[in-house]
Amino acid sequence: MSALDVTELSKTFPVGGGLLHKPGAVRAVRPVSFTVETGETLGIVGESGCGKSTLARMLVGLIEPTTGQIEIEGKPLDNADAAAFGKLIQYVFQDPVSSLNPRKTIRQIIEAPLKYLHGMAGDVRAGRIAEIFASVNLREEFLDRYPHEFCGGQAQRIGIARALAAAPRIMVLDEPVSALDVSVQAQVLNLMADLRGQFNLTYLFISHDLAVVEAVSDRIMVPYFGSVVEIGRAEDLFKTPRHPYTNLLADSAPVVGRALTAPEQRDTELPDPLNPPPGCAFAGRCPRATERCLTAEPKLRPLGDDQLAACHHPLD
Amino acid sequence: MSGFLKLLFRNRLAAVGAVIIGLICLVALATPLLPRADPDVPATADRFQRPFRPGHLLGTDHLGRDLASRLLWGTRLSLAVGVAAALIAGTIGSTIGIVAGYFGGRIDNVIMRGVDMLMAFPYILLALAIVAALGPGLMNALIAVAAVNIPFFARNIRGVTVGLAGREFIDAARLAGKGHTRIILTELLPNVASMIVIAMSTTAGWMILETAGLSFLGLGSQPPVADLGSMLGEARAALITSPHTSVVPGVMIFLIVMSINLLGDGVRNALDPRLRSGALTRPRAVTLVERRGAIPAADQKGLLNIQDLETQFHVGDRVYRAVNAVSLHVNPGEALGIIAESGSGKSVTALSVMGLVASPPGVITGGAVRYEGEDLLAATYRSLREKRGDKVAYIFQDPLSTLHPLFRVGDQLTEAIQAHHKEPDDAARARAVELLKAVRIPNAESRIRNYPHQMSGGMRQRVGIAMALANDPEVIIADEPTTALDVTVQAQILSLLDDLRRERGLAIIFITHDFDVVAQLCERVAVMYAGKIVEEGPTGAILAQPAHPYTRRLMACLPELGGGKRRLAAIPGLPPVVSDLPPGCAFAPRCDKATAACRAGEIPFDGDAAHRVHCLHPEFAPMEVLA
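Chains as they are written, first to last, in the numbering used here: chain P, 1 to 316; chain B, 317 to 943.
Zero decoy hints are in this set.
Distance ranges between label pairs, derived from CB positions:
1. Pro102(P) with Lys322(B): 18 to 24 Å
2. Pro758(B) with Asn190(P): 39 to 45 Å
3. Ser762(B) with Pro277(P): 19 to 25 Å
4. Pro276(P) with Thr502(B): 38 to 44 Å
5. Gly689(B) with Glu141(P): 50 to 56 Å
6. Arg600(B) with Asp194(P): 45 to 51 Å
7. Pro102(P) with Gly917(B): 36 to 42 Å
8. Arg326(B) with Asp194(P): 47 to 53 Å
9. Asn275(P) with His769(B): 14 to 20 Å
10. Arg600(B) with Arg128(P): 51 to 57 Å
In the EDC-like style, the derived pairs of lysine to aspartate or glutamate whose C-alpha atoms are separated by at most 16 Å in a straight line are:
11. Lys239(P) with Asp251(P)
12. Lys617(B) with Asp691(B)
13. Lys881(B) with Asp209(P)
14. Lys881(B) with Asp218(P)
Computed footprint of chain P on chain B, listed as stretches where at least three residues anywhere in the stretch have a Cβ under 8 Å from a Cβ of chain P:
15. 477-487
16. 794-804
17. 810-817
18. 830-838
19. 868-875
20. 887-897
Since the hints were derived computationally from the structure, they do not count as laboratory data. Every residue gets a Cβ at the ideal spot worked out from N, C-alpha and C, and that includes glycine.
Working from the sequences, and respecting the hints, build out all of it.
Here is the structure:
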């Protein structure tokens, strides 16, 4: 049984509107379907505005989806009730400091999921908190301090501890290390890898950093403009990208020893969400685009081993 | 709490206010215990007695009642009503504000439009209307005053709440299973409480005044009961003949409102995080330079030459040594990379060059910054200002916060040009279009009329670069210019900078934490740790064979694309706090090669002018690498 099964999940936000204007609509996430196996890490890599954060927030129930269904370990979840989701799926936020209430002690923060999700009694709670805190390698004396006393790496571990306290099956990690220094980043990534094994967790790892995603994921999904354009095994995806956008991402990542060239025309502009192009959203930036790409929206289809791409003219 | 009181009483005026209002409150509380005549019993024989008569310290009023006694009881009543009104208005208004701000959307719209309607009436008319509807009486005056002040609280608290409700810790609380009521009470309220206190303390005096106003008109306290307003009202008829009857309550109202306002301002200054963080202290136009020790002699290196620069932050009695003896230079057409993590002093080094470090608390305590041989640290403000943007320009990390949100990008560009060159408007405008084209912004002619928020992050950063290029500078200092950008945009910006350097012979100092970026753009690289340069040399040599253990291990931390799934190398521990640097090598506590000697004294430089390393146990002798 797969840990997470998402079918045709989409989100449309109304925008504008008022007394004189008809409200428009932005399709932040177009219907997407995917499954994540238990114990797997699915990386989601994309640029700003690709819909990765909206998708993540729908998965944990912070945003109500417009259409579609989320199933966790076979159980369908179709109400946008964060507490019901909370026991199954948890979220680790990008900015560790802003995700901790500045007026609460660390103990109060970690206690909340135990108290409200699991209804745990006071004396049992103390033991459980100590256990969780030990598993993220933090000293117990930190429990009675306030968030501002911690630096980014420690604060992010506290964020992870809070998510763990809910005893979820799945964790959505939304850019968990992008606010951290390079030397601390690896500490947190390795800790998360250990915890996954220890608690048999399933991860969805969202990042804009290709190298980081590749290093932690089993499979990687690439959304662009609200739809998934490619999904495949981490070790293959950037080596043999099928979708020209994945290829562009891989070419843009700075790599030691590669000459500095702009991988695409500098005058390209991203598609306008208020006025989405018909057909393939990437066509305007794509060197392989043809007439067909401007009219027909490509569907995800298998291309090679365990790799799917939504492209009329995939790369070989 | 004690910290708050300390801050509060450091403000002399607030302390005076606190003392006065404290005394008045004390007397008001003790009034029933004081041996004074009954304030409400008339003795018409003693009408309008002057002050300082035996038995009547402050004289008597038109009915011969003891003024001192009436003043005490009146003050007691006025204070009670004012404070009660502030509490009621604060509670109801804040509740409305929090609910509107937290739920947002339609609920917010309906509530706030209601509040707006309440505000559309002149407040005194509204208060009069409420009293007229409910009938005169102190209780009704209190209700009226509270009601007209609710919008003030509702709007203030809603504003704060909207900002907080979007914060991630609210989402986290929802995921932890908390319901709306619980989130409002346990997550939001503790964060807005200080704002509520501020709003109350700054409006309580106002509400006392309003209540007095209603009483003065005869709509508040009813005879014979005295409050300050009704005492004034009754004394009005004898204003000329017996001025003391109106002066006495008048002075008391003045004292109460004045002291509450002084105290309220003090409370606000002490509690408001923005004011506390020094928003009111204006930094000087140039960083303070207080060089101890000799100024290094010019050594003719590079176009821009930083020599033994030391910059510190003096906060209270702590000294943060952000930059320690940093020496760097850059030649025309060269790109120098500075690699470091946050808190290592890389940005402070960059800002020190043009005296842009905020003072206070920043102080440049040593070294020299030479531009074409001239020491910029000794330069006058005028000469420094002429060079800022004209000779040495900056590109900052976040273009959204460096561009002014209320001006069109074209206007900001033309202003940058005209600040240094007396050009007519249309010539400057044409130059702005040209600049936007140079940084490859499509449709430059129409884009020039855009506001910053109408552009994407990549486009804004290009405007930032265009602005840096506006006056054809010789040196560009770029502080993490691509960190906030997407990879595809980053690649474009980097290649743009590279072209500019080759075409115009620009010298670039590129500050980043990313080795990959430096490897692509820069010929030379300097690695900083805890305010010091630990290694400097040609990019190729350092990337191939890093000599300092920190450089080697930092490079190992960076995952490289194409490596597959793996465990990443980490450096255990945290960078040191620069207010408490260990003696010797700052990296020693995290270093696996550290020995006692590393923790003892200053570490000398090893290697030659081309490749230097600051380490007793380098991975390689830098000389070998060169050979």
